[in-house]
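Below are the chains, spelled out letter by letter.
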Amino acid sequence: MSKNVAIVGVGFTQPQLKTVQVSYKEMVYEAAVKAYDNAHLASHKDIDGFVGCAEDLIEGTSIFDEYTPDQLGAVQKPVHTISGDLLHGLLVATMKIKTGIMDIVVVEAHSKASNLKTYYHVTNYALDPTWNRPLNVNPYYLAGLEKNYFMHHTKTTLEQIAGVVVKNKKNALQNDLAVFPEQTTVEKVLQSKPNFTPQTEAETAKQADGAFVFVLANEETAKKLSKKPVWITGMGWASDSPTLETRNWDEALYAKTSAHMALKQAHIKNIKEIDFFEIDDRFAYKELQHLESIGLYGKGKAGQALQNGDLNKDGKTPTNVSGGMLGCGSLLEAAGAIRALEVVKQLRGEAGQRQLSKANTALALSWRGIPTTSGAVLTFSRSLS
Amino acid sequence: MHKDLRGTHLSKKAFDNNEISTTLGDPHAYYEWDTGMGIGRFLQGLKEGRIWGTHCDTCKRTVTPPRVFCELCFSKNITWRELKTTGTVNTFSLCYVNWDATLIKEPHISAVIEVDGTSPRVGFLHLLNEVDPQKVCIGMKVEAVFKDEKERMGDITDIKYWRPL
Ligand SMILES: [Zn+2]
Numbered sequence: 001m002s003k004n005v006a007i008v009g010v011g012f013t014q015p016q017l018k019t020v021q022v023s024y025k026e027m028v029y030e031a032a033v034k035a036y037d038n039a040h041l042a043s044h045k046d047i048d049g050f051v052g053c054a055e056d057l058i059e060g061t062s063i064f065d066e067y068t069p070d071q072l073g074a075v076q077k078p079v080h081t082i083s084g085d086l087l088h089g090l091l092v093a094t095m096k097i098k099t100g101i102m103d104i105v106v107v108e109a110h111s112k113a114s115n116l117k118t119y120y121h122v123t124n125y126a127l128d129p130t131w132n133r134p135l136n137v138n139p140y141y142l143a144g145l146e147k148n149y150f151m152h153h154t155k156t157t158l159e160q161i162a163g164v165v166v167k168n169k170k171n172a173l174q175n176d177l178a179v180f181p182e183q184t185t186v187e188k189v190l191q192s193k194p195n196f197t198p199q200t201e202a203e204t205a206k207q208a209d210g211a212f213v214f215v216l217a218n219e220e221t222a223k224k225l226s227k228k229p230v231w232i233t234g235m236g237w238a239s240d241s242p243t244l245e246t247r248n249w250d251e252a253l254y255a256k257t258s259a260h261m262a263l264k265q266a267h268i269k270n271i272k273e274i275d276f277f278e279i280d281d282r283f284a285y286k287e288l289q290h291l292e293s294i295g296l297y298g299k300g301k302a303g304q305a306l307q308n309g310d311l312n313k314d315g316k317t318p319t320n321v322s323g324g325m326l327g328c329g330s331l332l333e334a335a336g337a338i339r340a341l342e343v344v345k346q347l348r349g350e351a352g353q354r355q356l357s358k359a360n361t362a363l364a365l366s367w368r369g370i371p372t373t374s375g376a377v378l379t380f381s382r383s384l385s
Numbered sequence: 001m002h003k004d005l006r007g008t009h010l011s012k013k014a015f016d017n018n019e020i021s022t023t024l025g026d027p028h029a030y031y032e033w034d035t036g037m038g039i040g041r042f043l044q045g046l047k048e049g050r051i052w053g054t055h056c057d058t059c060k061r062t063v064t065p066p067r068v069f070c071e072l073c074f075s076k077n078i079t080w081r082e083l084k085t086t087g088t089v090n091t092f093s094l095c096y097v098n099w100d101a102t103l104i105k106e107p108h109i110s111a112v113i114e115v116d117g118t119s120p121r122v123g124f125l126h127l128l129n130e131v132d133p134q135k136v137c138i139g140m141k142v143e144a145v146f147k148d149e150k151e152r153m154g155d156i157t158d159i160k161y162w163r164p165l
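As they're listed, the protein sequences go chains A and B.
Mapping to this note's numbering: the first sequence position 43 is 43, numbers consecutive.
Mapping to this note's numbering: the second sequence position 68 is 68, numbers consecutive.
I should point out that these hints are in silico values taken from the structure, not numbers from a laboratory.
All C-beta atoms in this analysis are idealised placements derived from N, C-alpha and C, irrespective of residue type, glycine included.
It is possible that some hints are incorrect.
[Stated by the list, open to error] Restricting the straight-line Cα-Cα distance to at most 30 Å, the calculated cross-link-like pairs of lysine-lysine (BS3-like) are:
#, chain 1, residue 1, chain 2, residue 2
1, B, 76, A, 228
2, B, 47, A, 117
3, A, 117, B, 12
4, A, 45, B, 76
5, A, 228, A, 269
6, A, 117, B, 150
7, A, 77, B, 76
8, A, 77, A, 228
[Unchecked claim] Where chain B lies over chain A, by a calculated footprint (3+ residues, C-beta under 8 Å):
#, region
9, 16-26
10, 113-123
11, 138-152
[Claimed, not checked] Computed beta-carbon distance windows for the label pairs:
#, chain 1, residue 1, chain 2, residue 2, range
12, B, 94, A, 245, 47 to 57 Å
13, A, 228, B, 143, 57 to 67 Å
14, B, 37, A, 75, 13 to 23 Å
15, A, 355, B, 29, 38 to 48 Å
16, B, 86, A, 223, 54 to 64 Å
17, A, 309, B, 24, 47 to 57 Å
Input sequences plus hints: build the corresponding full structure.
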């Protein structure tokens, strides 16, 4: 059994609002070619297995995994698709390598959000068909319900949550990949149109298109291929109650469980030892809720940490230096790809003007979005201890 | 209803009269897929009454519908080639069942057409017409019948069907 697994190559297309010039296959092909080059693979034939991350109803094609091999160079190779975020894909690929059956495994996720004309309806189709769906209300109200509960029980303020938007959109100004960078203020965020109160438009990540491919390898292969392998040191995943009627509204249990699992595996006793965090922030309050759920801050303490500047690039626990989803965009199953990509860039020392002075270890968290309670946490390190 | 089977059978009437508890669903899922560089140019060709293919200069293989990269050698070593609008039936089926499972008298004929100019075993799925269903056979030479020019939309249905040459 191969003990250690690393990311040895990344490739991606520039995220954009629309990508009318290319099909999803052509977009993924571009990302794959770049990733294989980045991993110094002699040929796509060296890859042993492939994992795609896609949801049939979002793609608009049933049994979508049938359509993934060509653009990855995976013809007649083991391929499977999971309906989950790219971080879930990374941990599936890691497990494949750890079995010892495969040395090199590729993970792919993309967003053609612009091609799905009725996103909210498709999202509604994830609700219970008998007692939730017939109410026929845009399911994003779930963000409003959760935010309300979270604020009420943690005493987190609207200003603190608006501060997440200001920070992340500002961070995005230093990220070429960001689709929605902006210099904004707490006042402006608070004045933005309410969409699902107490949630506002400015606090809701907007969708974008893009494709991402990651190449993973076992220790021996990784050391041969890459001078700067990014080691996956711990991973966890969990789903809480699917029903809206019984779920826990103030704490993200999936995040708590996933983080606990990943930290234990990585032998990290104190989460504060980790240098920086890339966290799902598709709604601004989610960043604070997630930080509390993974145990970085106590209940009701993340908002204060934000106001103290602790989550800033130069703070004690830098969070979403990439610009997060608020700054970079929400990319369907590739949402976690921007999280993982930022980790790779920072740990390799390739983050340019937003390079952190201390970037040896990182934690990334993805959430599968409304209406799910599914998440994954991965921890990464620049070196093997 | 099969009288020889045991149990209490549900009737269509029971469903129609709402005596069976069910919830109706409609995904209301609408898409607009970007066709991209490969299929986009192919569809534009159909609008002009042409069939485009691509040739991989590495694998020496010509395919249609065309693609801007070769899935086998994974290169972009591609040349566009205009193909003939004739081909050969590679395989076919006479379809006697409608969407609602009712039987139809005159079958739809689905077929894979190997378009002339492509490598062996390469072609696309389409329909045959203007032919006696019983006379269709593998190896039959066929030609594309396009819609009138002004009716073409840049869709695969710009070819109405294929008929024997
Ligand atoms: Zn080729």
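Quick one: which hint numbers does this structure break? Sort them smallest to largest. 3, 11
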